[in-house]
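These protein sequence lines are chains C and Y, in that order.
My numbering puts the first sequence at residues 1 to 303.
My numbering puts the second sequence at residues 304 to 402.
By construction, these hints were calculated from the structure, which means they are not laboratory data.
Each hint should be verified, as a subset may be incorrect.
Said to hold, decoys possible - Stretch-level coverage of chain C by chain Y, calculated; a stretch enters the list once three of its residues show a Cβ under 8 Å from a Cβ in chain Y:
hint : region
1    : 31–43
2    : 116–123
3    : 151–162
4    : 179–192
5    : 221–228
6    : 235–246
Only a predicted model underlies this, so the values are computations on that prediction, with no experimental measurement involved.
By construction, the Cβ of each residue, glycine as well, lies at the ideal position given by its N, Cα and C atoms.
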Amino acid sequence: MAANLSAVAYLISGVLFIMALRGLSSPVTARRGNYFGIAGMLIAIVTTILNPNVLGFDLIILGLGIGAVIGTIIALRIQMTAMPQLIAAFHSLVGLAAVLVASAALYAPESYGIGITGQIKTASLIEMSLGAAIGAITFSGSLVAFAKLQGLVTGDPLVFPGQHWLNLLIGIVIVAIGAVFVAQEAIPLFWLLVGLSFVIGFLIILPIGGADMPVVVSMLNSYSGWTAAAAGFMLSNDLLIIVGALVGSSGAILSYIMCRAMNRSFISVILGGFGGESAGASAVSQGEKPHRAGSADDGQAGN
Amino acid sequence: MEAAAVIDPFVFRLAIFVLAIFVGYYVVWSVTPALHTPLMSVTNAISSVIIVGALIAAGPEEISIAKIFGFAAIILAAINIFGGFVVTQRMLQMFRKKK
Numbered sequence: 001m002a003a004n005l006s007a008v009a010y011l012i013s014g015v016l017f018i019m020a021l022r023g024l025s026s027p028v029t030a031r032r033g034n035y036f037g038i039a040g041m042l043i044a045i046v047t048t049i050l051n052p053n054v055l056g057f058d059l060i061i062l063g064l065g066i067g068a069v070i071g072t073i074i075a076l077r078i079q080m081t082a083m084p085q086l087i088a089a090f091h092s093l094v095g096l097a098a099v100l101v102a103s104a105a106l107y108a109p110e111s112y113g114i115g116i117t118g119q120i121k122t123a124s125l126i127e128m129s130l131g132a133a134i135g136a137i138t139f140s141g142s143l144v145a146f147a148k149l150q151g152l153v154t155g156d157p158l159v160f161p162g163q164h165w166l167n168l169l170i171g172i173v174i175v176a177i178g179a180v181f182v183a184q185e186a187i188p189l190f191w192l193l194v195g196l197s198f199v200i201g202f203l204i205i206l207p208i209g210g211a212d213m214p215v216v217v218s219m220l221n222s223y224s225g226w227t228a229a230a231a232g233f234m235l236s237n238d239l240l241i242i243v244g245a246l247v248g249s250s251g252a253i254l255s256y257i258m259c260r261a262m263n264r265s266f267i268s269v270i271l272g273g274f275g276g277e278s279a280g281a282s283a284v285s286q287g288e289k290p291h292r293a294g295s296a297d298d299g300q301a302g303n
Numbered sequence: 304m305e306a307a308a309v310i311d312p313f314v315f316r317l318a319i320f321v322l323a324i325f326v327g328y329y330v331v332w333s334v335t336p337a338l339h340t341p342l343m344s345v346t347n348a349i350s351s352v353i354i355v356g357a358l359i360a361a362g363p364e365e366i367s368i369a370k371i372f373g374f375a376a377i378i379l380a381a382i383n384i385f386g387g388f389v390v391t392q393r394m395l396q397m398f399r400k401k402k
């Protein structure tokens, strides 16, 4: 398929995704919105498979088949009350997929046209590290959110002294490693970057209380959008950029709206036990239990 | 700046990126609270458009570590796509029946 044709197809797919999000914001158009989303995804996948660089279809069909079966079975079997943790679990998959895509680009830059091994363009390396780091944070953060919502881990905020200093330190180290990686294109540094990002994902979400988890899930959704956008810049793919920005900003707005609906400050939710040391932490844990935002939403949805 | 009007493609991409951020912002503002969870689940499904990158990675004929990464990413993203849309459909069905 000619490059221009596939760019137009990607554009149509992007518009369908916008209409999907728009549809989902009103009960009258919600179902149509979901169909728009499915159509957009179908166009995106078919267009990519028709790309002249895509030649081996065996693993693609196998992968799509495995994913389709597992995904559909999970979606049909899941209890409606378990919805928030299901979405959290799904997010972790997107995060991991984004890390894998970034790694694939590092090992085979030729397939993406971003240079050759050892001489990948600097801009692409930056986008690659951003995508991998945010993807890894999305992955581990979503796992924690899932575990908290599922009751596998206590829903109480886990706070320890010096926590935010530790997070800050790890954050700085991640940025520093990222910078060296971009300069040297050293593969071990890439994996170190990914590993530390996994760790910081855990540490960021652990101090946030269980009742605030729906907000966190939406925020992680936003992260998964940003990582897709980073991948879009890396691959020079407009669809990934459009959808990434769309999901990134709508996820952030949605988490803000949800905070407002339960009378919580966005900042205090996102930072969890941050800032006020133990006093702040205990205020968070006392404030939590009566709100239970997730179940309130479920109830409304059923009415 | 030799040829007067040569703009780096990156700038175009940046423009698309910024405009799409605004679209996402305005599209979601008016969502009704009852639809928060379905909206989250559909955005989640949509974000697995990252599968585009995975498909390209798995595209070459000869087997390589990148192709394996791509294959794994296809499985993960496909779980998300099918699971996300099906579960949204289920939620919305419940929503309509009661109305």
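I'd like to know which numbered hints this structure contradicts. Please list them from smallest to largest. 2, 3 and 4
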